[in-house]
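Residue numbers (this note's numbering), protein chains in the order written: chain A, 695 to 799; chain B, 2 to 164; chain C, 15 to 99.
Do not rely on the hints blindly, as some may be mistaken.
To be verified - Sample of chain A residues at the chain C side, in silico, Cβ under 7 Å:
{"hint": "1", "residue": "Q705"}
{"hint": "2", "residue": "L712"}
{"hint": "3", "residue": "F748"}
{"hint": "4", "residue": "F756"}
{"hint": "5", "residue": "F759"}
{"hint": "6", "residue": "K762"}
{"hint": "7", "residue": "A764"}
{"hint": "8", "residue": "S777"}
{"hint": "9", "residue": "S780"}
{"hint": "10", "residue": "S784"}
{"hint": "11", "residue": "A785"}
{"hint": "12", "residue": "Y786"}
What the hints assert, rightly or not - Label-pair ranges, simulated between beta-carbon atoms:
{"hint": "13", "chain 1": "B", "residue 1": "T41", "chain 2": "C", "residue 2": "V38", "range": "52 to 58 Å"}
{"hint": "14", "chain 1": "B", "residue 1": "R89", "chain 2": "C", "residue 2": "F17", "range": "46 to 52 Å"}
{"hint": "15", "chain 1": "A", "residue 1": "S788", "chain 2": "B", "residue 2": "F107", "range": "44 to 50 Å"}
{"hint": "16", "chain 1": "A", "residue 1": "L702", "chain 2": "C", "residue 2": "V37", "range": "23 to 29 Å"}
{"hint": "17", "chain 1": "B", "residue 1": "S27", "chain 2": "A", "residue 2": "S788", "range": "49 to 55 Å"}
{"hint": "18", "chain 1": "B", "residue 1": "L39", "chain 2": "C", "residue 2": "F71", "range": "32 to 38 Å"}
Hints in this document: simulated from the structure, not taken from any laboratory.
All figures in this text were calculated on a predicted structure; none of them were measured in a lab.
Here a beta-carbon is modelled for each residue, glycine too, at the ideal position from N, C-alpha and C.
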Amino acid sequence: MMAQAAHLIGQILIGIGLVFMAFGIYSVLRFRDFYSRVVITAKVDTVGFLTLIFGAMLIEGFSYFTLKLALIVVFELLTSPISTHSIAHSAYASGYKIRKDVRID
Amino acid sequence: MRRLLHHISMMAVFAVVWIILEEQFSLTTVAVGSLIGLLTMIVTNRYVLRADYESDYRLGLWVGVKYVVSLIIQIYVAGIQALIKVLRGQVHVGIVDVHTTLESDFHIALLANSITLTPGTVTLERNGNYLKVIWIDCVTTDPEVAGPMIKQNFERMISGGKS
Amino acid sequence: MSFYDAVLLALALLTIGGIIRVVVGPTIWDRLLGLNLISSKIIMAIIVFALMIQRTFLLDIAIVYALLGFIGSVLIARFIERKGE
Numbered sequence: 695m696m697a698q699a700a701h702l703i704g705q706i707l708i709g710i711g712l713v714f715m716a717f718g719i720y721s722v723l724r725f726r727d728f729y730s731r732v733v734i735t736a737k738v739d740t741v742g743f744l745t746l747i748f749g750a751m752l753i754e755g756f757s758y759f760t761l762k763l764a765l766i767v768v769f770e771l772l773t774s775p776i777s778t779h780s781i782a783h784s785a786y787a788s789g790y791k792i793r794k795d796v797r798i799d
Numbered sequence: 002m003r004r005l006l007h008h009i010s011m012m013a014v015f016a017v018v019w020i021i022l023e024e025q026f027s028l029t030t031v032a033v034g035s036l037i038g039l040l041t042m043i044v045t046n047r048y049v050l051r052a053d054y055e056s057d058y059r060l061g062l063w064v065g066v067k068y069v070v071s072l073i074i075q076i077y078v079a080g081i082q083a084l085i086k087v088l089r090g091q092v093h094v095g096i097v098d099v100h101t102t103l104e105s106d107f108h109i110a111l112l113a114n115s116i117t118l119t120p121g122t123v124t125l126e127r128n129g130n131y132l133k134v135i136w137i138d139c140v141t142t143d144p145e146v147a148g149p150m151i152k153q154n155f156e157r158m159i160s161g162g163k164s
Numbered sequence: 015m016s017f018y019d020a021v022l023l024a025l026a027l028l029t030i031g032g033i034i035r036v037v038v039g040p041t042i043w044d045r046l047l048g049l050n051l052i053s054s055k056i057i058m059a060i061i062v063f064a065l066m067i068q069r070t071f072l073l074d075i076a077i078v079y080a081l082l083g084f085i086g087s088v089l090i091a092r093f094i095e096r097k098g099e
């Protein structure tokens with residue numbers, strides 16, 4: 695009974711993570727300016743990533759599988775902002791300016 | 002003495018990572034993990050870092066755990082706020098300077114990391130005690146006003162581990 | 015069609031969105047951003063697949079892929095800074 699409930703909640707969490715990731719992809723396709731893309735997309739994607747991994751942890755229960763997933767979460771928390779930052783910094787150092795008409799098309 | 006304790010706790014962290022990767026908990030894995038952790042620490046101390054582990058990575062284990070938990074909560078709150086802003090179309094991207102009172106390089110790096118991780122802000126550049134941040138909803142460019150809105154409670158959280 | 019099949023299919027569809035950004039992207043940084051998104055989608059697909067067939071060694075592959083993707087994107091971003099000078 696408990697295991698079934700955990701399965702159901704885990705599957706719901708995976709679904710929510712997919713929705714967050716879909717928003718990330720949607721906003722990377724929708725915005726016209728690079729800076730607004732990088733601000734919104736990369737981190738909405740992280741939220742989706744974390745939600746999906748938590749769902750997988752809940753389905754699996756406590757085992758080495760879950761511990762490895764926790765390791766992946768730690769790596770992701772450490773490395774994902776650095777790669778986003780390096781991309782944004784590369785654009786900034788090369789002289790990319792914010793456009794005044796940051797509107798949505 | 003403190004130095005020894007610090008080294009032992011770092012070695013324990015490496016050993017736990019090794020056990021997780023090896024997927025079995027026995028005397029051999031603990032021994033091999035500690036040995037590899039010690040080797041890694043010696044090599045990075047000598048060839049990679051400018052100073053050593055003790056002065057560079059000064060963050061207590063308990064503070065680290067508390068920090069990660071509060072970071073995850075903050076990520077979710079800010080993520081949902083960013084989603085609402087995107088759906089309503091209230092996006093005014095701008096660049097602000099943020100002043101920080103943290104001193105050591107490692108703490109400033111952690112602060113910049115967590116600012117980037119919370120949705121809606123991305124760190125661009127650091128010079129001295131100022132961080133350049135892209136902000137999704139740029140209502141003001143004044144560093145005094147914008148600072149607390151961007152940093153939230155990360156600064157207090159990180160410097161709580163200095164002790 | 016089980017739940018995991020549906021999740022993998024959705025991840026594949028999302029990857030196509032990232033590929034569109036890589037192909038269209040006006041600047042090179044847009045392409046890099048799309049590449050970053052694609053690599054995170056692939057990691058998630060590996061995790062879901064490992065959950066589906068109940069094997070832990072696939073998670074090692076996910077870790078290695080995450081680290082290599084990180085190093086690759088940082089290196090490319092550093093390299094194209096100020097047009098490669």
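Name the hints, by number, that the structure is in violation of.
3, 4, 7, 12, 13, 14, 15, 16 and 18
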